[in-house]
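Single-letter residue listing:
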Amino acid sequence: MVVYGVAALALCLLIGELIGEALGIAVGVDANVGGVGFAMILLVLVTDRLRRRGLFPESSERGVMFWSSMYIPIVVAMASTQNVAEALTGGPMAIVAGLAALVAAAALVPVLARIGPPDDPLPPREAGDDARLAGSARTKEA
Amino acid sequence: MDTIVSVLEDNDLLVAFAAVGVLMLVSGWMSRSLTRGRLHGSAIAIILGLALAGWGGATTGGEDGLADLAIFGGLGILGGSMLRDFAIVSTAYGVDLSVIRRSGATGVLSILLGVVVSFIVGAVVAAAFGYTDAESMATIGAGAATYIVGPVTGTAVGAGSDVIALSVAAGLVKSVVVMVATPMIAPLIRLNNPKAAMAFGGLMGTTSGVAGGLAATDERLVPYGAMTATFFTGVGCLLGPSVLYVTLRALVG
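Keeping their order, the protein sequence lines are chains A and B. Last residue of the first sequence? That's 142 in this note's numbering, and every number before it is there in order. Last residue of the second sequence? That's 1253 in this note's numbering, and every number before it is there in order.
Just chain A, same shape as in the assembly:
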């Protein structure tokens, strides 16, 4: 059933968030430390194991893939609810500080990507949703 996939996804995020909160308390900061990251790793590990045992059929998979295909619309909704007005009225210092941090960090991306064996560029993507579908087909082969 599709809902099994959605439920598995929800459980992974809930557990991840709990780990992130616990880690935050443990190191004494008022923030969630990597909750989403832990949830992602958990999802990959759990679904991989379930799939191997045949306990995560395509119908369950569809519950996860649906949310994955909703990612861009959700990000567009997120963009439309950002506090852009305050960012623009923060004055020149806020704008310069934000931009400078971006430029400095961007310049370091190629430097850090050079650590260890190089990674090949992804193949050109197909238009729109096809890339995602191709991604899911690749997973099934693996």
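The hints are simulated quantities; they were obtained by calculation from the structure and are not laboratory data. Only a predicted model underlies this, so the values are computations on that prediction, with no experimental measurement involved. Do not rely on the hints blindly, as some may be mistaken.
Stated by the list, open to error - The following residues of chain A were derived to be distant from chain B, with all beta-carbon distances above 10 Å: (1) M1; (2) L18; (3) G34; (4) R52; (5) Y71; (6) Q82; (7) D119.
To be verified - Stretches of chain A that chain B covers, calculated by requiring three or more beta carbons in the stretch to come under 8 Å of a beta carbon on chain B: (8) 4-14; (9) 19-31; (10) 37-47; (11) 75-81; (12) 85-98; (13) 102-115.
Just so you know, even glycine gets a beta-carbon here, dropped at the ideal spot from N, CA and C.
With chain A held as given, fit chain B onto it using these hints.
Structure of chain B alone, referenced to chain A:
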């Protein structure tokens, strides 16, 4: 008219689905007809979303962009952190863990460097604009990391509320510009593979910025960038008010 408005307000999440669908349709059309597909539809949709957010915030004086208009309140749910994180985690489905393991050193280093570099750059800019006390420099530097680290650090070191507000604005600017500029700078910084995406996520740190920027660049990079970005704010809140502030105070007195 009142009936229409009240139906829309009662079903605000459905309005949000429809509104985003229309926005994506328009963006896809603009991408094909105006840019001949050179600027991806999702990049245009994000830019349009930000423009609408700016308009919504300016008309209502609120903090949540378009969602401050009651009929678009559902955008706050659809684009809120709960569903955003839910969708981010779902993109990890089918990701090859060995890629992440192979890029582990890059990922960890990018988070640490990202926090430290943003902090230094932000503090230097603060000083250039006349905020030369350690508390203000640390707070604005932390804001240049993310708009969450700014106030956390500012409160911890006892900075003024005006400086804390500036640190939030700096973080917001960064997050908005990351969303818009990532597809444009991606070829320059060779942001076209999972490892570069992990470095990018850790260096930028703003989860919304990275989530939007990578979506507009190449969706397939999202899980890798999001994975590292998600640790950034926590690490920033840890280092900002402690090691980084103490070091800064020792330097500027």
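Here's how the hints hold up against the structure:
1. M1: holds, 17 Å
2. L18: holds, 13 Å
3. G34: violated, 4 Å
4. R52: Fine: 14 Å to the nearest Cβ keeps A/R52 off the interface.
5. Y71: violated, 4 Å
6. Q82: violated, 5 Å
7. D119: violated, 4 Å
8. 4-14: holds (count 4)
9. 19-31: That given contact holds, which follows from 8 residues of the region 19-31 of chain A lying within Cβ reach (below 8 Å) of chain B.
10. 37-47: With 8 residues close enough to chain B, the hint holds.
11. 75-81: Holds: 7 residues of the region 75-81 of chain A have a Cβ under 8 Å from chain B.
12. 85-98: Since 14 is at least three, the answer is holds.
13. 102-115: As far as the region 102-115 of chain A goes, the hint holds, because 11 residues have Cβ atoms under 8 Å from chain B.
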